[in-house]
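The listed protein sequences derive, respectively, from chains W and A. According to the numbering used here, the stretch in the first sequence is residues 45 to 337, in order. According to the numbering used here, the stretch in the second sequence is residues 4 to 285, in order.
Treat each hint with caution, since some may be false.
Here are the simulated DSS-like pairs of lysine-lysine, each with C-alpha atoms no more than 27 Å apart in a straight line [unchecked claim]:
id, chain 1, residue 1, chain 2, residue 2
1, A, Lys11, W, Lys51
2, A, Lys113, W, Lys51
3, A, Lys228, W, Lys51
4, A, Lys110, W, Lys249
Computed, partial: chain W to chain A, Cβ under 7 Å [as the list claims (entries may be wrong)]:
id, residue
5, Ala62
6, Ser77
7, Met136
8, His138
9, Phe148
10, Val170
11, Ala223
12, Glu239
13, Glu243
14, Ile246
15, Lys272
16, Ala293
17, Gln304
18, Asn305
19, Gly309
Rough simulated footprint, nothing fancy, chain A against chain W, three-plus residues with beta-carbon under 8 Å [to be verified]:
id, region
20, 210-221
21, 320-327
Quick caveat, the hints were computed from the structure, so don't treat them as lab data. Beta carbons are placed, not taken as given, at the ideal position from N, Cα and C, and that holds for glycine.
What follows is each chain in one-letter form.
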Amino acid sequence: MVNARSKHRSYLSFVLPAFIIYTAIMVFPLVFSFGLSFTKWKGFGPMEFVGLQNYVKLFSDPVFLIGLRNNVLIVLISVFGQIPLGLLLAYMLHRRMVRGDKIFEMLIFLPITISSVIVAQLWNRVFAPVGILPTLVRQITGNPDYVMTIFESKTFAFVPIMFVLLWQHTSLYMIIFLANLQRIPDSVIEAAQMEGATEGVIFRKIIAPMLAPVAFINSILAISGSFKSFDLIFSMTGGGPAHFTEVMAVYMYNTTFVYQNYGYGSAISIVIILFIVAAILLTKAVTNKLNAS
Amino acid sequence: MNDRTRLKKAPLGWRISAYAIMLLFTVITVFPLVWLGYSSLKPNAEIVLHPLALPQAPSFDNYVRAWTMGKLGVSLGNSLIYTGVATVATLFLALGAAFGLAKFAFKSVKFFTWAFTIGLMLTVHAVIIPLFLVEVKAGLINTRLGVILPYIAFDLPMSVLIALSFVKGIPDAIIESAEIDGAKYRQIFWSLIVPLSTPVAATMAILSFLRHWNEFMFVFIFTTKSALKSLPVAITQFAGRQNIEYGLQYASLVIGILPMIIFYVLFHAQLVKGFGEGALKE
Chain W
45 MVNARSKHRS
55 YLSFVLPAFI
65 IYTAIMVFPL
75 VFSFGLSFTK
85 WKGFGPMEFV
95 GLQNYVKLFS
105 DPVFLIGLRN
115 NVLIVLISVF
125 GQIPLGLLLA
135 YMLHRRMVRG
145 DKIFEMLIFL
155 PITISSVIVA
165 QLWNRVFAPV
175 GILPTLVRQI
185 TGNPDYVMTI
195 FESKTFAFVP
205 IMFVLLWQHT
215 SLYMIIFLAN
225 LQRIPDSVIE
235 AAQMEGATEG
245 VIFRKIIAPM
255 LAPVAFINSI
265 LAISGSFKSF
275 DLIFSMTGGG
285 PAHFTEVMAV
295 YMYNTTFVYQ
305 NYGYGSAISI
315 VIILFIVAAI
325 LLTKAVTNKL
335 NAS
Chain A
4 MNDRTRLKKA
14 PLGWRISAYA
24 IMLLFTVITV
34 FPLVWLGYSS
44 LKPNAEIVLH
54 PLALPQAPSF
64 DNYVRAWTMG
74 KLGVSLGNSL
84 IYTGVATVAT
94 LFLALGAAFG
104 LAKFAFKSVK
114 FFTWAFTIGL
124 MLTVHAVIIP
134 LFLVEVKAGL
144 INTRLGVILP
154 YIAFDLPMSV
164 LIALSFVKGI
174 PDAIIESAEI
184 DGAKYRQIFW
194 SLIVPLSTPV
204 AATMAILSFL
214 RHWNEFMFVF
224 IFTTKSALKS
234 LPVAITQFAG
244 RQNIEYGLQY
254 ASLVIGILPM
264 IIFYVLFHAQ
274 LVKGFGEGAL
284 KE
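One chain only, chain W, in its complex shape (with noise of 0.2 Å):
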């Protein structure tokens, strides 16, 4: 038998190697960046203390707003779009409404590997002039001369990045409902059949609230996912034309990567991953909650 304390060193050596990388990597960095982001620094020279002056400022910083707008979109098209419409295809999967249900879902499930900056790349060869969306409306409305300028407006420019939002991430939460539905008991919709009750009724009544804490799990995931979108949109606009489709992690790495500035760039971040704590925080709460009733 092993003594207690060459036990214990054992014990140490399976947990500290990944401890240590993951807390140098990732903890240390953090408290860092919260120092940083009290101050005025170009990444050289002296470094100069100004309290919240950055947090203040973010707060009236137009491109900013536009940015947090754009992530409060994010958020909306991620829970009332990505997830209710998982929820339906999910369902008619399993409900076996079509032939070849292996065949669709594998086919919709797709987008799930391909890496979300390709995948800005190839929208971007869809909707441009000589690119599918463009050259199908000049052959339905016979005018040869149609683009699409919705990325020049103020207001519209963000909706076509939230379709390819759509596009990219609703098959995942097909996915994850589906293997939920698949722990349901058919005897529960057999039950209600019998009972008379109409499909509509067995969607919305029984298996939708069955299905309604799964779902408020992967809202909150979506949410706290949507505070950090950054491949796509970079990919796609780089947050342009005029910060129409900025993003707050976006203009985070413009304002430190490309305008250096270390100390505004930091406060964005931190504002980042406050969003995320708020959310994830949320979430404990309520399911907490949820398990004590």
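Got chain W; can you put chain A on it based on the hints?
Just chain A, lined up with the frame of chain W:
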């Protein structure tokens, strides 16, 4: 499974709508990819004149030129190195940590588990700025290690927690009897825990591979030399240049998408299982 047959079919109205919605989703998902695929076989003039038409004389010329102009072979190699090393390292580090946390009853177990759980909330954006500054100081900018280390670190919290819930389920009796036989913990780990964890390890490795392969920000910011770019970064930069022909842009995008379609076809079942069981969105 026999239960299924007892269920009444959904009414016709639902089935018709289901076909409509499924077909619409499938077309919107697949058609852009198919269009990109066949358009990449057309010369530039044909793309401009007939954007939706099939190629008149399909040619791989665009691929040959995109591959050499974009130095995509180098990027593919980099992607394989980054993803391969990070995936294997994360897997064993996470299984080790999970073994320690699941099967040793020390006081600090709680603290370590809590620390890894907190990690799920941290994101790239929270640390990218200071990490960049640290990597500059440490001379890790423009090195492969400077990309691989953050890959491992960011994947650990999730991987440790997935592994932990699995390793906890391995009966203590197996480990105790090995202890009595005089096995060292190192041996127990390699000859018992690792082989017993194969099912979860497969899921972990596939999800980890996917996250690393598609990662963008670390490679984009921490490397400036084109010789160190990963495939998605190189292709985004190549295809994003406005001054190159459409055919070359399309071909380079197909080169980025095709390996992932193959990966998807090979590991579809594990991906469905991994994501379906509630793995987080990246």
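Status of each hint after checking the structure:
no. : hint                : in the structure
1   : A/Lys11 x W/Lys51   : violated, 60 Å
2   : A/Lys113 x W/Lys51  : holds, 17 Å
3   : A/Lys228 x W/Lys51  : violated, 46 Å
4   : A/Lys110 x W/Lys249 : violated, 47 Å
5   : Ala62               : holds, 4 Å
6   : Ser77               : holds, 5 Å
7   : Met136              : holds, 4 Å
8   : His138              : violated, 10 Å
9   : Phe148              : holds, 5 Å
10  : Val170              : holds, 5 Å
11  : Ala223              : holds, 3 Å
12  : Glu239              : violated, 12 Å
13  : Glu243              : holds, 5 Å
14  : Ile246              : violated, 9 Å
15  : Lys272              : holds, 5 Å
16  : Ala293              : holds, 5 Å
17  : Gln304              : violated, 11 Å
18  : Asn305              : violated, 10 Å
19  : Gly309              : holds, 6 Å
20  : 210-221             : holds (count 7)
21  : 320-327             : holds (count 3)
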